[in-house]
Structure formats: structure tokens, C-alpha cells
Amino acid sequence: MSGFSEKEEQKLLGTLERESENLGITERRQFLKNALLFAGGGAVAAQSGSLAAASSNLPPSVPSWTRSLGAGVLTNPYGKPSHYEKEVQRRTVPWLTADSISSISMTPLHKLKGIITPNGLVFERYHGGVPVINPDEHRLIIHGLVDRPIIFTMDELRRFPSVSEIKFLECPANGGMEWRGPQMEALQFTHGMISCCEWTGVRLSTLLAEVGIKTEGKWILAEGADGAGMARSIPMDKALDDAIVVYAQNGEALRPEQGYPLRLMNPGWEGNTSIKWLRRLEIGDKPWYMREETSKYTDLMEDGRARKFTFVQECNSVITTPSPEVPLKAKGWFEIEGLAWSGHGKIKAVDISLDGGVTWQEAPLKGLVLSKCLTRFSFMLNWQGEPLLLQSRAIDETGYVQPTISQLREQRGVNSIYHKNSIHTWKVNSDGSVQNVQLT
Amino acid sequence: MTKLALSALFCSSLLFGCGQNQSDPKQSDSVSNSSEQMTDSAAKQTLPQQSYNSGKPFSIGQPVSQDVIAGWDIDVRPDGLGLPKGSGSVEDGEELYEQKCALCHGSFGEGVKRWPKLSGGQGTLVEDKPEKTVGSYWPYASTLWDYINRAMPFTAPQSLEADEVYAITAYVLNLNDIVDDDFVLTQENFAAIQMPNKDGFYTDDRPDIKNPRCMSDCLDPAKIKETASLRGISPTDHFKNDGNTGVAYKEDDHQAASSETAEIDIDPEIKQTYDTACKVCHAGGLAGAPKLGVAADWKARLELGTENIYKNAINGLNGMPPKGGRADLSDETIKATVDYMLKMSQAE
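Residue numbers (the working numbering), protein chains in the order written: chain W, 1 to 440; chain B, 1 to 348.
No lab work stands behind these hints, which were simulated from the structure alone.
Among these hints, one or two may not hold up.
Unchecked claim - With a straight-line cut-off of 35 Å between C-alpha atoms, the simulated DSBU-like cross-links for lysine-lysine are:
1) W/K214 / B/K56
2) W/K346 / W/K366
3) B/K56 / W/K296
Said to hold, decoys possible - To list a few chain W residues with every Cβ distance to chain B over 12 Å, as calculated:
4) L58
5) P59
6) P60
7) R67
8) Y78
9) P118
10) P135
11) G181
12) G251
13) R279
14) A330
15) R393
16) V437
Claimed, not checked - Just a sample of chain W residues kept apart from chain B, beta carbon distances all over 10 Å, derived:
17) T206
18) F311
19) G332
20) H419
Quick reminder that beta carbons are idealized off the backbone N, C-alpha and C, glycines included.
All chains, please: the whole structure from these sequences, using the hints.
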């Protein structure tokens with residue numbers, strides 16, 4: 001390619017490759033051929049968006065994409081986000097776990113809008129990796145203290161009346177790295193172990209009515225078909241209240257990462273109780289004390305004793321814009337936005353502080369306000385470069401007010417790992433950059 | 001179609017709505033306020049079986065025999081319910097533990113790298129850095145038996161015989177000074193085992209904090225102490241360098257190796273085998289395992305020939321269990337997986 005240095009040539013090829021990657025093979029070949037012809041003639045600037053002077057696609061110029069045709073239908077039979085959104089992905093902090101099979105990744109909350117988490121971005125938590133399950137060979141057995149033990153195929157489960165409900169799903173370790181002090185430099189890592197989807201399936205109470213629970217039946221063991229045999233004891237009250245045996249999320253079949261083809265959903269409760277790849281429900285008179293309800297997912301207090309069966313995710317909130325990943329890039333008006341949620345029900349109100357909790361004002365809630373569901377709040381700020389200590393404080397319908405980190409530490413010490421739902425602080429510097437800080 | 005069937009069809013779109021409105025007209029007010037309230041409260045009040053079938057089951061699904069259930073019914077409770085017949089000694093357990101467990105948990109339960117520590121830690125639960133082990137924290141021995149049986153060894157879950165589970169459980173209890181060296185654990189004596197921390201747990205007593213909803217003059221601004229987050233321990237390249245630098249999770253050299261050699265033709269099934277059976281040790285070099293992507297680790301072993309590597313992978317050597325603990329894999333699959341690892345390490 002004449003007229004280009006080797007470095008420029010590599011950059012050009014890289015750009016062309018990126019810009020053509022959503023095209024089919026034939027279109028891609030043609031695109032690259034045309035681009036190279038132009039490059040030979042030194043006219044590449046007119047054809048290639050990002051390499052060209054940035055102004056060529058801005059008015060008064062007519063952008064290249066307006067003077068050409070785009071890809072046709074079925075270029076992507078299962079659609080993907082724009083390749084300009086590539087950095088919107090799940091991430092993790094490598095030192096958190098020994099390996100990636102029993103590990104966790106976080107949702108990029110700073111890039112999401114509304115209350116629904118797209119299926120590909122729902123945070124992951126596996127105890128033995130993601131099993132590859134053939135739905136035709138998947139079975140759910142319900143047995144134990146029942147009148148009629150029953151085995152269900154997926155087709156049979158889909159014959160029951162279904163419900164669709166929007167509920168958050170949160171790991172109780174969300175924020176758990178910061179009991180002793182702030183450690184994470186990004187919203188994705190301070191709060192990303194939460195997602196919210198519309199879940200579709202059969203109420204567990206409907207299935208329990210089929211098998212007939214004996215009067216001694218007070219607990220249910222829910223067990224997964226994964227290599228960890230992930231299992232938790234669930235009290236009967238919850239099962240009869242709002243638990244759902246789920247086969248779809250956000251309109252499509254569950255993703256493998258989320259338990260395909262079948263999972264439990266215990267709304268408002270710590271995520272690990274919503275057993276994925278659900279294969280078995282056993283009714284018993286006592287809890288089982290599985291590994292994930294003794295060794296893990298128990299909350300060690302300062303006196304050396306530990307709380308067990310800490311199921312509910314208490315009221316919590318965080319500001320998502322601005323955040324370390326989304327600094328204020330100019331002076332003027334900005335929408336300050338965030339998420340609030342409570343495992344006890346609906347969000348009643350969210351208060352905002354700009355001065356580290358000295359004064360508070362109520363922020364409007366927007367969109368749907370549903371029980372045990374992410375809820376958006378927002379308010380407009382005319383920022384003129386002054387430093388801020390930005391906080392949000394959520395109140396749920398039980399009247400519970402989200403606590404401060406000092407209150408949590410005073411009550412529980414710093415070793416409980418789970419259920420840290422304290423008011424979070426973002427420090428906005430005068431240059432608009434945002435840092436994670438803790439105020440005590 | 002009968003009138004009843006028609007109404008059932010319409011009702012099915014309302015889920016529990018029909019039955020509920022008939023039995024409790026007041027509830028229809030809450031329907032207009034919130035569909036959420038309707039389904040939450042309706043679930044407690046009206047089952048679809050009541051609405052549609054006079055409370056009788058729909059009879060969807062098949063009756064299942066105890067023989068079929070038994071294959072999956074593996075749970076064990078603190079009172080010993082669910083334990084199969086069998087026994088295992090501390091002595092037998094030590095040998096099995098060395099073969100199947102020590103790789104990650106250490107010969108004395110001390111834990112390798114970030115893999116769980118199983119022993120020690122007694123008396124540390126009130127300390128600044130508590131060590132939560134089987135001996136210091138776990139309330140019931142049944143949890144140990146159940147977890148080893150359902151999920152261990154990590155790369156080959158549900159591969160152990162009942163007697164092996166008894167023996168390994170006995171040995172881990174022995175590592176924690178809970179049973180003597182000559183102890184034999186059986187179905188009969190199991191429930192008598194007392195764990196040191198059995199009384200260390202109590203049921204959730206939250207909400208435990210009452211934060212008043214103060215709106216002004218809540219704090220003295222001069223007394224606010226600010227602590228900044230630690231720098232450099234969480235990934236930031238993806239937003240600080242204003243662009244995407246790929247996934248934040250880098251497993252040692254492994255990610256780098258796989259992206260550099262992405263042009264290699266890979267059988268997805270073999271990659272899957274590597275990911276699920278081999279990666280745990282070979283990504284990070286656990287127990288001296290040659291690391292994927294590090295040619296030097298493999299070249300020394302290649303001097304003895306590829307056939308020798310196949311042999312060791314199939315039969316096991318030192319920390320390497322036979323077939324990585326996956327007896328279900330064929331020799332051919334193991335060989336193909338070794339080839340894959342050599343390719344990915346550019347050590348062919």
C-alpha cells in the first residue's frame with residue numbers, strides 16, 4: 001500500500017477489520033477490497049470512518065454511513081450490541097477466587113439504563129462451572145415428605161400456569177470486599193454482583209400442590225445438577241410465598257450461566273438460594289446444613305458467633321452516574337442517576353446528599369417501582385466544578401433506612417463478608433473525576 | 001368449546017386473577033394499584049389448582065419410584081439421615097487424601113494458594129483475621145461428608161465410593177484433632193461426632209440497625225473522616241485508558257497465551273475438556289503442573305517424548321491424578337487434550 005508508513009498501514013488494517021466484523025463473509029471481502037482500492041488511491045479518508053479526519057462524518061459533511069448501504073437482514077441471526085459498545089462486559093477482580101470455575105463476575109452497572117439487565121450481562125456466580133445440559137434429558141424430582149413424589153420433564157413444567165415477574169438477583173457478597181475500607185476503584189466491582197430480570201416460570205407453590213406436602217414438611221432442599229451439586233435449605237414459608245421455578249429470563253430461555261434449563265428464584269433473597277440447574281426438591285422437617293449454609297454464606301460477628309440463614313438482601317442503593325467509570329466531563333447540568341432495591345419489598349424513597357451526609361434531599365423515583373426489584377432514582381445537578389461527596393440513602397416500604405458503614409461495623413464488626421448494604425460515597429473532584437471513598 | 005373452558009382460557013392470561021376476584025373482591029383494588037401486589041398476595045391465597053380444578057392436582061408429571069429417586073438423593077443431614085452404609089478409617093483416608101485432595105488443600109489441610117484451608121484456626125474466630133476451617137468453624141460433620149460426596153475432588157465430583165468418602169471425612173476430622181489416628185468412621189458412629197463450633201451459630205436476627213432518616217445538620221462537617229480506596233488492586237484499564245483492553249480477568253499467563261495463539265485450529269470439545277478437567281491446575285501451575293502457554297514448562301518434559309507425556313497424563317504422576325481425576329475420559333481424549341495443551345503452549 002503506497003503512501004502509508006508501516007505503522008499507519010497496520011492501524012488502517014486494524015480499523016478496517018473492526019469496521020467490517022459485523023458483515024457477512026461476502027460483504028466483508030467486498031468491503032475490504034473496496035477499502036484497499038481506496039487506500040491505494042490515497043482516498044481512504046472518505047471511506048473509513050474512524051481513520052478519517054473526525055470532522056468528515058460531522059455536519060456539514062455527509063457521513064460515510066449515509067452515503068452507502070448497510071448490512072442486510074440475518075447478518076446476525078442472533079443480534080449483538082454495536083461493536084462500539086465492546087467494553088460493556090462482565091468483569092471480575094482476579095484475586096477474589098482461586099480459579100475461574102468457582103468464581104464470580106460483575107455486571108457493568110455504569111453502562112446500564114432502566115431496571116432490566118440484558119441476559120448476557122447478568123453477573124455470574126458458579127461453584128462448579130456452567131454445566132452443559134440437554135433440556136430433553138433434564139428432570140426435576142420433587143420428593144421427601146410428600147403424598148406423591150413426581151418427576152417432571154421440561155415440557156411438563158411448561159404446561160403449568162406461568163408467572164412473569166421482574167425481580168433483582170444479588171450475591172450477598174456484593175460490596176463484601178469493603179468491610180474494612182474502600183478497595184475497589186470502579187462501580188462494577190463495588191456493586192456489580194446484582195442484576196434484575198423478568199423471570200418466567202411456575203410458582204413453586206403450584207408444584208408443591210401437585211405433590212401434596214405432609215404436615216411435618218417445613219423445609220425444602222433445593223439442589224442443582226452442576227458439578228458442585230449446589231444445594232440450599234429453603235423454609236416452607238418462602239416456598240409457599242413467592243418462590244418461582246424459572247425457565248425463562250427477559251423473554252428467552254434461561255442462559256446457561258443462569259441455570260439453563262431450570263432454576264429456582266427466591267425473590268429478595270441472597271442469590272445463591274436461587275439454585276441454578278435445578279434438578280431436585282426434597283421436602284423435610286429440618287434444614288440440611290449444606291456447605292453453602294454453614295462454611296459459606298453465614299455471617300461471622302465480632303463475638304466469634306455467626307448468623308445463619310441470613311436470607312434477605314436488605315435495602316441498598318448506589319449512584320451509577322457519575323461513578324469512577326463515568327466522570328463528569330464538563331460543567332453544567334447533569335442527570336445524577338442510581339439504583340435502589342430491597343429484599344423486603346418496594347422502595348419508598350431515596351435521599352441524595354452532596355456533602356457527605358450533612359444534608360439530604362429526596363430524589364424522584366422514576367419508571368416502575370416494584371417489589372424486590374431494582375428501582376431507578378434521578379435528579380438534575382448543575383455542577384460548576386465544586387468537589388462533592390455524593391451519597392444515596394434508600395428507604396423501603398417497611399420504613400427501614402439504609403445504614404452507614406460505621407453503624408454496620410459497630411453492630412457486626414468487619415469479618416461478616418456478607419450483607420454489606422451501607423450508604424456508598426463517591427468523591428467528585430473539581431476536575432470531574434470520581435473516586436470511591438468511605439466516610440466515618 | 002364450553003363456556004367454562006373459554007373462561008378458563010381467558011383466566012389463564014390473568015394467572016391467579018380469576019379465582020382471586022371471585023373469592024375476595026377487595027383484592028381487585030390492589031390490582032389497579034400494582035400488579036405486583038396481586039401476584040404476591042394471590043400466591044398465598046389461591047392456587048391455580050383451586051381456581052381451575054376444584055383443588056385437585058393437574059396431574060402433570062409422572063409418579064417416580066424410590067429406586068429412581070435414590071440415584072439423585074445424595075444429601076446427608078446432621079442427624080445422619082441420608083448416610084449410606086459404609087465405613088472408612090483415618091489411615092485409609094490419609095492415603096486417599098494425599099492422592100485426591102492434598103493438591104489443593106495441602107498435605108496438612110493448610111490450603112495451597114487460594115484453595116480452602118481445612119484445618120487449624122481454632123480460637124481465631126474473634127481475632128482480626130479469623131480462619132474459618134472445618135475444625136474451627138463448621139458446626140456439623142455431616143456437612144463434610146455431604147460436600148466431599150457431592151462436589152469433591154473438584155475436577156471429578158461424585159466420583160468417590162461411599163467408603164472412600166467415610167475415610168477422607170475421617171482423615172479431615174483427624175487433621176483437626178476431632179478424632180484419633182486409629183478412628184474408623186461408620187454410618188453407626190457418625191451422629192456421635194461433636195464439632196468444636198457446633199454452638200457457634202444463631203438464626204438471623206436482622207434488622208439489627210435503625211438509622212434515623214435525618215435530613216439536615218446530620219453531621220459536623222469538620223469531623224468527617226475520609227478514606228480513599230486502595231490503588232492498583234482492582235482493574236481500571238477498561239475505563240481509565242479510555243478504551244477496551246479486553247477482559248479484566250487474566251488467569252496468569254493463560255489468557256495471554258490463548259489470545260496470541262488464537263489462530264490455532266481448535267476442537268471445541270477438546271478445549272471444553274481442558275477447561276473442565278485440566279485448567280484448574282495447568283492454568284496457574286498448581287502442584288508443579290506445567291503451565292499452559294509457558295513453552296519452557298513443557299520442553300523439559302518433551303525431552304522424554306510425547307508418548308511419555310501421554311502415559312503420565314493417563315496413569316498419573318506425582319501431583320497429577322490419572323486422567324486429571326476424570327476416569328470417564330477415554331485415552332484418546334486425554335491424548336488429544338495433551339496435544340491441545342502443547343499447541344497452546346507453542347511447545348510442539
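Against the structure, the hints come out as follows:
With a CA separation close to 16 Å, the supplied pair W/K214 and B/K56 stays within the 35 Å bound. At roughly 13 Å between alpha-carbon atoms, W/K346 and W/K366 fall within 35 Å of each other, so this suggested pair holds. Pair hint B/K56 plus W/K296 does not hold up; C-alpha atoms about 40 Å apart against a cutoff of 35 Å. With 12 Å as the threshold on Cβ separation, the claim that W/L58 sits away from chain B holds: the shortest Cβ distance comes to roughly 20 Å.
No Cβ of chain B comes within 12 Å of the Cβ of W/P59; the nearest lies about 25 Å off, and the non-interface call holds. The claim that W/P60 is not at the interface with chain B holds, since no C-beta of that chain comes within 12 Å of its own (minimum 28 Å). Distance to chain B confirms W/R67 as a non-interface residue, since its nearest Cβ pair spans about 28 Å, more than 12 Å. At roughly 18 Å, the least C-beta separation between W/Y78 and chain B is larger than 12 Å, which holds for a residue marked as non-interface.
No Cβ of chain B approaches the Cβ of W/P118 within 12 Å, the least distance being about 17 Å, so the stated non-interface status holds. Chain B leaves W/P135 outside its interface by the beta-carbon criterion, the shortest separation being 16 Å against a cut-off of 12 Å. Distance check on W/G181: its Cβ comes as close as 5 Å (rounded) to a Cβ of chain B, failing to clear the 12 Å threshold; non-interface status is violated. Non-interface status of W/G251 relative to chain B is upheld: no Cβ of that chain comes within 12 Å, the nearest being about 16 Å off.
Some Cβ of chain B comes within 12 Å of the Cβ of W/R279; the nearest lies about 7 Å off, and the non-interface call is violated. The claim that W/A330 is not at the interface with chain B holds, since no C-beta of that chain comes within 12 Å of its own (minimum 16 Å). Not every CB of chain B lies more than 12 Å from the CB of W/R393, the least distance being 8 Å, so the non-interface label is violated. A cut-off of 12 Å between C-beta atoms contradicts the statement that W/V437 is not in contact with chain B; the least separation is 5 Å.
Distance to chain B contradicts W/T206 as a non-interface residue, since its nearest Cβ pair spans about 6 Å, not more than 10 Å. The Cβ of W/F311 sits about 7 Å from the closest Cβ of chain B, inside the 10 Å cut-off, so the non-interface label is violated. At the 10 Å boundary, the C-beta of W/G332 stays outside the reach of chain B, the nearest C-beta of that chain being 21 Å off. Its beta-carbon lying about 8 Å from the closest one in chain B, W/H419 breaks the requirement of being farther than 10 Å from that chain.
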